[in-house]
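Student: Residue strings, one per chain:
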Amino acid sequence: MNDPSRPSGRLQRLAETGRPPLDFHFDGQPLSGLEGDSVLTAILTSRPDLRAAEFGPGRRTGFCLMGACQDCWIWQENGPRLRACSTTLRAGMRLLSEPPAEWPDSAP
Amino acid sequence: MTRVLIVGAGPAGIRAAQTLAAAGLRPTVVDEANRAGGQIYRRPPQSFIRPPRALYGSEAGKATGLHRLFDDLLARDQIVHHPQSSVLGLSDGVAQVLGPDGVSALPYDRLIIATGATDRLAPVPGWEMPGVYSLGAAQIALKAQGVALGRRIVLAGSGPLLTLVAAQLLDAGAGVAAVLDTAPLSAQLRGGLTMATARPGVSLRGLALRARLGRLYHAGVTLDAIEGDPTTGPAAIRWRSARGRARTTPCDSVALGWHLRSETALAELAGAHLDWSPKWNQWLPASDDEGRAGPGLYLAGDGLSILGADGAEIAGRLAARACLADLGLLTDPAAQTRDLRTLGRMRRFAAGIARAFPWPAQMIRALPDDTVLCRCEGITSGELRATLPLSGPEANRAKSLSRIGMGRCQGRYCQVAGAEIMAAACDAQPAQMGRLRAQPPVRPAPLHALGRSDDSLNSRKPG
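In order, the protein sequence lines correspond to chains A and B. The first sequence runs 0 to 107 under numbering that gives the first Met the number 0. The second sequence runs 0 to 462 under numbering that gives the first Met the number 0.
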């Protein structure tokens with residue numbers, strides 16, 4: 000469960016740690032990833048999960064990491080949903096584990 | 000010029016593109032990744048610094064060779080590349096392609112599909128928890144991102160990838176708690192003999208990797224359950240050894256996979272015929288030896304036949320030369336004959352793999368009713384079994400009633416096991432359960448993007 004008072008990452012960095020940091024927000028909290036991280040990597044190196052399961056009580060962390068299972072779709076404060084495993088982190092992203100109040104976005 | 004569309008830029012797609020470009024065509028390559036290479040030779044982002052040897056081990060030369068080849072084709076403007084793009088559907092010689100800027104319609108005259116494979120999954124009680132991943136995910140995390148999926152990882156399942164990923168993780172300094180192989184040693188010996196006869200070098204390298212796992216590796220296990228909490232993830236995995244001894248291994252992450260499942264959805268939408276393969280325990284497209292699967296339709300790589308990366312390179316060339324021959328363009332019949340002969344050796348090796356690392360049918364048939372079968376929507380094997388008196392032994396009817404195969408992964412990770420559970424309940428074989436029909440879009444797409452696509456198609460073909 001996402002508990003901002005006790006954040007802990009699930010993924011462990013083993014290599015490629017000398018890349019420049021990129022700041023972003025997840026559920027309003029400032030977090031930092033590294034240039035070249037996927038959104039999934041950037042979140043899960045600081046947090047234990049990405050979102051709630053739609054069916055059942057659990058949390059979700061992605062599954063296949065190759066764009067096939069669609070488990071890792073999350074929301075942005077502004078803009079379309081994104082697949083965390085196949086989206087590269089950009090500085091300043093404002094990501095959400097839950098849909099924003101106005102979702103679904105009906106923009107054409 | 001004839002418009003050839005290649006779907007997928009792994010080993011098969013890259014070799015197909017090279018072969019067509021050498022004959023003077025300018026194929027279009029659509030691929031989901033940022034950078035070409037496919038999954039097994041997946042390239043990390045440009046800013047990463049680990050040398051190829053650290054990423055691809057003994058296959059580093061092949062991987063970098065393919066990457067360079069693709070980059071050269073692109074630099075010389077011999078191909079058109081649409082990265083970060085998914086083909087959603089195919090109809091009447093037009094591919095609907097979802098890219099960073101939305102959906103567009105891409106017309107083609109000939110189609111080469113090289114969509115590869117995903118992990119073939121079997122449910123284990125508790126596999127719906129956060130922190131449980133596919134084996135492929137464990138490898139991609141390490142290769143493309145330099146991360147491990149947890150502090151204490153259990154790798155479980157069977158197939159060549161199990162040993163390979165475990166050795167790669169150990170080399171990188173990850174915490175591997177156990178490597179649990181459901182294939183009995185007796186099966187591995189039988190299959191291994193065939194493998195060693197067909198490709199002795201590759202088989203030896205596999206044995207050397209296995210030796211490095213030491214006491215972490217256990218053959219012939221039965222997986223009982225992943226213990227843990229649905230909100231925080233695994234705490235341990237319960238399993239039984241080949242001798243039947245109950246064991247519990249503490250862990251915070253589990254990666255599962257039973258070799259591969261061909262990604263056949265686009266081939267099916269393009270009109271390929273699929274047959275049940277008892278050897279691979281899945282539905283595979285039918286083609287001739289060179290990959291012809293229908294008028295103007297060619298298949299190559301693991302999406303046609305699970306031969307691995309070396310086989311995929313050959314199959315990519317074969318399919319492209321078949322396409323060129325059908326167009327009446329000059330080809331190299333001697334090279335085609337040579338490649339066909341080598342592919343035969345790859346097929347014998349693959350048959351050994353299939354025998355060595357069998358699909359765990361009995362384990363799946365014995366799954367308790369409360370085991371989640373569909374990870375997407377949390378539907379249990381008991382719910383599927385309860386559907387059968389109404390649906391009868393037919394996968395698509397059972398899907399309509401139980402929603403097994405209807406979730407966001409479109410059945411990629413539940414349909415093989417679902418067929419096994421249905422077959423057990425009906426005292427039949429999985430082949431008799433039928434096959435889940437592929438449905439476009441084969442990837443999720445925003446509705447407004449699809450709306451735009453319809454407009455562009457309508458304006459192209461009025462009426």
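Everything labelled a hint here was simulated from the structure, so no lab data went into it. Keep in mind that a hint or two might mislead.
[Stated by the list, open to error] FRET-style restraints, in silico, Cβ to Cβ: (1) Pro-56(A) x Pro-439(B): 28 to 36 Å; (2) Arg-239(B) x Pro-99(A): 41 to 49 Å; (3) Ala-385(B) x Pro-99(A): 22 to 30 Å.
We treat Cβ as the ideally placed atom computed from N, Cα and C, and that holds for glycine.
Student: Next step is simple, just say for each hint if it's right about the structure.
Tutor: To see whether the hints hold, each was checked on the structure:
no.	hint	verdict
1	Pro-56(A) x Pro-439(B): 28 to 36 Å	holds, 33 Å
2	Arg-239(B) x Pro-99(A): 41 to 49 Å	holds, 47 Å
3	Ala-385(B) x Pro-99(A): 22 to 30 Å	violated, 38 Å
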